[in-house]
Amino acid sequence: AQSVAQPEDQVNVAEGNPLTVKCTYSVSGNPYLFWYVQYPNRGLQFLLKYITGDNLVKGSYGFEAEFNKSQTSFHLKKPSALVSDSALYFCAVSTSNTGKLIFGQGTTLQVKP
Amino acid sequence: GAVVSQHPSRVICKSGTSVKIECRSLDFQATTMFWYRQFPKQSLMLMATSNEGSKATYEQGVEKDKFLINHASLTLSTLTVTSAHPEDSSFYICSAGRDGRNTEAFFGQGTRLTVV
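Protein chains in written order, with the working numbering: chain A, 1 to 113; chain B, 114 to 229.
It should be emphasised that the hints constitute simulated quantities derived from the structure, not laboratory data.
Owing to the predicted nature of the structure, the values given are computational and were not obtained by experimental measurement.
We treat Cβ as the ideally placed atom computed from N, Cα and C, and that holds for glycine.
Please note that the accuracy of each hint is not assured.
Stated by the list, open to error - Cross-link-like lysine-lysine pairs, in silico, BS3-like; alpha carbons within 25 Å at most:
hint: 1; chain 1: B; residue 1: Lys154; chain 2: B; residue 2: Lys179
hint: 2; chain 1: A; residue 1: Lys100; chain 2: A; residue 2: Lys69
hint: 3; chain 1: B; residue 1: Lys177; chain 2: A; residue 2: Lys100
hint: 4; chain 1: B; residue 1: Lys177; chain 2: B; residue 2: Lys133
hint: 5; chain 1: B; residue 1: Lys179; chain 2: B; residue 2: Lys133
hint: 6; chain 1: B; residue 1: Lys133; chain 2: A; residue 2: Lys100
hint: 7; chain 1: A; residue 1: Lys100; chain 2: B; residue 2: Lys168
hint: 8; chain 1: A; residue 1: Lys77; chain 2: A; residue 2: Lys49
hint: 9; chain 1: A; residue 1: Lys58; chain 2: A; residue 2: Lys112
hint: 10; chain 1: B; residue 1: Lys154; chain 2: A; residue 2: Lys22
hint: 11; chain 1: B; residue 1: Lys179; chain 2: A; residue 2: Lys100
hint: 12; chain 1: B; residue 1: Lys133; chain 2: B; residue 2: Lys154
hint: 13; chain 1: A; residue 1: Lys22; chain 2: A; residue 2: Lys49
hint: 14; chain 1: B; residue 1: Lys177; chain 2: B; residue 2: Lys127
hint: 15; chain 1: A; residue 1: Lys22; chain 2: A; residue 2: Lys77
hint: 16; chain 1: B; residue 1: Lys168; chain 2: B; residue 2: Lys133
hint: 17; chain 1: B; residue 1: Lys154; chain 2: A; residue 2: Lys112
hint: 18; chain 1: B; residue 1: Lys154; chain 2: A; residue 2: Lys77
hint: 19; chain 1: A; residue 1: Lys100; chain 2: B; residue 2: Lys154
hint: 20; chain 1: A; residue 1: Lys58; chain 2: A; residue 2: Lys100
hint: 21; chain 1: A; residue 1: Lys58; chain 2: A; residue 2: Lys77
hint: 22; chain 1: A; residue 1: Lys58; chain 2: A; residue 2: Lys69
hint: 23; chain 1: B; residue 1: Lys168; chain 2: B; residue 2: Lys179
hint: 24; chain 1: A; residue 1: Lys58; chain 2: A; residue 2: Lys22
hint: 25; chain 1: B; residue 1: Lys154; chain 2: A; residue 2: Lys49
hint: 26; chain 1: A; residue 1: Lys77; chain 2: A; residue 2: Lys112
hint: 27; chain 1: B; residue 1: Lys179; chain 2: B; residue 2: Lys127
Claimed, not checked - Just the calculated beta-carbon pair ranges, DEER-fashion:
hint: 28; chain 1: B; residue 1: Gly129; chain 2: A; residue 2: Lys58; range: 45 to 55 Å
hint: 29; chain 1: B; residue 1: Gln142; chain 2: A; residue 2: Lys112; range: 38 to 48 Å
hint: 30; chain 1: A; residue 1: Lys58; chain 2: B; residue 2: Lys177; range: 39 to 49 Å
hint: 31; chain 1: A; residue 1: Ser60; chain 2: B; residue 2: Lys127; range: 36 to 46 Å
hint: 32; chain 1: A; residue 1: Ala1; chain 2: B; residue 2: Leu187; range: 23 to 33 Å
Produce the complete structure using the sequences and hints provided.
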């Protein structure tokens, strides 16, 4: 069965510092990996995806993520955090191109001034 | 990017009544849409896969008769919560993938349902 784990419920960083939000996955077959961000009472906004190719994926708002097959990880990173980055972040996995996703538990990112 | 519109954004209804939530893909066709449910500060749980022109596929533990899904056209799927009860109160989100492309799913803005 497919699964996604985000081991941290919350990540706190100071504005201007680098941030990392962790994600590991378990699938049979080649994974399609995604990161989404959610603001309160809103739908999900797409940040980036890994389908194939370069392991380092660059996405929206300065975010990037690195696919590591041996560690089955897809951590989200940003070199310099902004207060406006504070939100709920979801990692998701799919093994098809239908759009059906399995989500991690979500990680709340708090960026303090 | 593609746009998925969900309506209404919030609804309050009385126990025992039914509520319909619409999910539309505005600028692309979607033979498949997905309905998720999200409890406060929790992840999204897939409820069902909506298939255009055929029956929806429900995830284990989701009541088909409680959550009716209709996907009558390539751009519209509806979720009807029948005989709603307070425990059905939740945030419901739909998504759609652009057919034939292994691209990301596009999400609606969500519907906050409160049953009183």
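Against the structure, the hints:
no. : hint                              : verdict
1   : Lys154(B) - Lys179(B)             : 24 Å, holds
2   : Lys100(A) - Lys69(A)              : 21 Å, holds
3   : Lys177(B) - Lys100(A)             : 19 Å, holds
4   : Lys177(B) - Lys133(B)             : 15 Å, holds
5   : Lys179(B) - Lys133(B)             : 12 Å, holds
6   : Lys133(B) - Lys100(A)             : 22 Å, holds
7   : Lys100(A) - Lys168(B)             : 16 Å, holds
8   : Lys77(A) - Lys49(A)               : 13 Å, holds
9   : Lys58(A) - Lys112(A)              : 24 Å, holds
10  : Lys154(B) - Lys22(A)              : 18 Å, holds
11  : Lys179(B) - Lys100(A)             : 22 Å, holds
12  : Lys133(B) - Lys154(B)             : 24 Å, holds
13  : Lys22(A) - Lys49(A)               : 15 Å, holds
14  : Lys177(B) - Lys127(B)             : 21 Å, holds
15  : Lys22(A) - Lys77(A)               : 9 Å, holds
16  : Lys168(B) - Lys133(B)             : 17 Å, holds
17  : Lys154(B) - Lys112(A)             : 20 Å, holds
18  : Lys154(B) - Lys77(A)              : 22 Å, holds
19  : Lys100(A) - Lys154(B)             : 21 Å, holds
20  : Lys58(A) - Lys100(A)              : 22 Å, holds
21  : Lys58(A) - Lys77(A)               : 10 Å, holds
22  : Lys58(A) - Lys69(A)               : 17 Å, holds
23  : Lys168(B) - Lys179(B)             : 15 Å, holds
24  : Lys58(A) - Lys22(A)               : 16 Å, holds
25  : Lys154(B) - Lys49(A)              : 23 Å, holds
26  : Lys77(A) - Lys112(A)              : 17 Å, holds
27  : Lys179(B) - Lys127(B)             : 15 Å, holds
28  : Gly129(B) - Lys58(A): 45 to 55 Å  : 50 Å, holds
29  : Gln142(B) - Lys112(A): 38 to 48 Å : 44 Å, holds
30  : Lys58(A) - Lys177(B): 39 to 49 Å  : 42 Å, holds
31  : Ser60(A) - Lys127(B): 36 to 46 Å  : 41 Å, holds
32  : Ala1(A) - Leu187(B): 23 to 33 Å   : 31 Å, holds
Violated hints are absent here; each numbered hint is respected by the structure.
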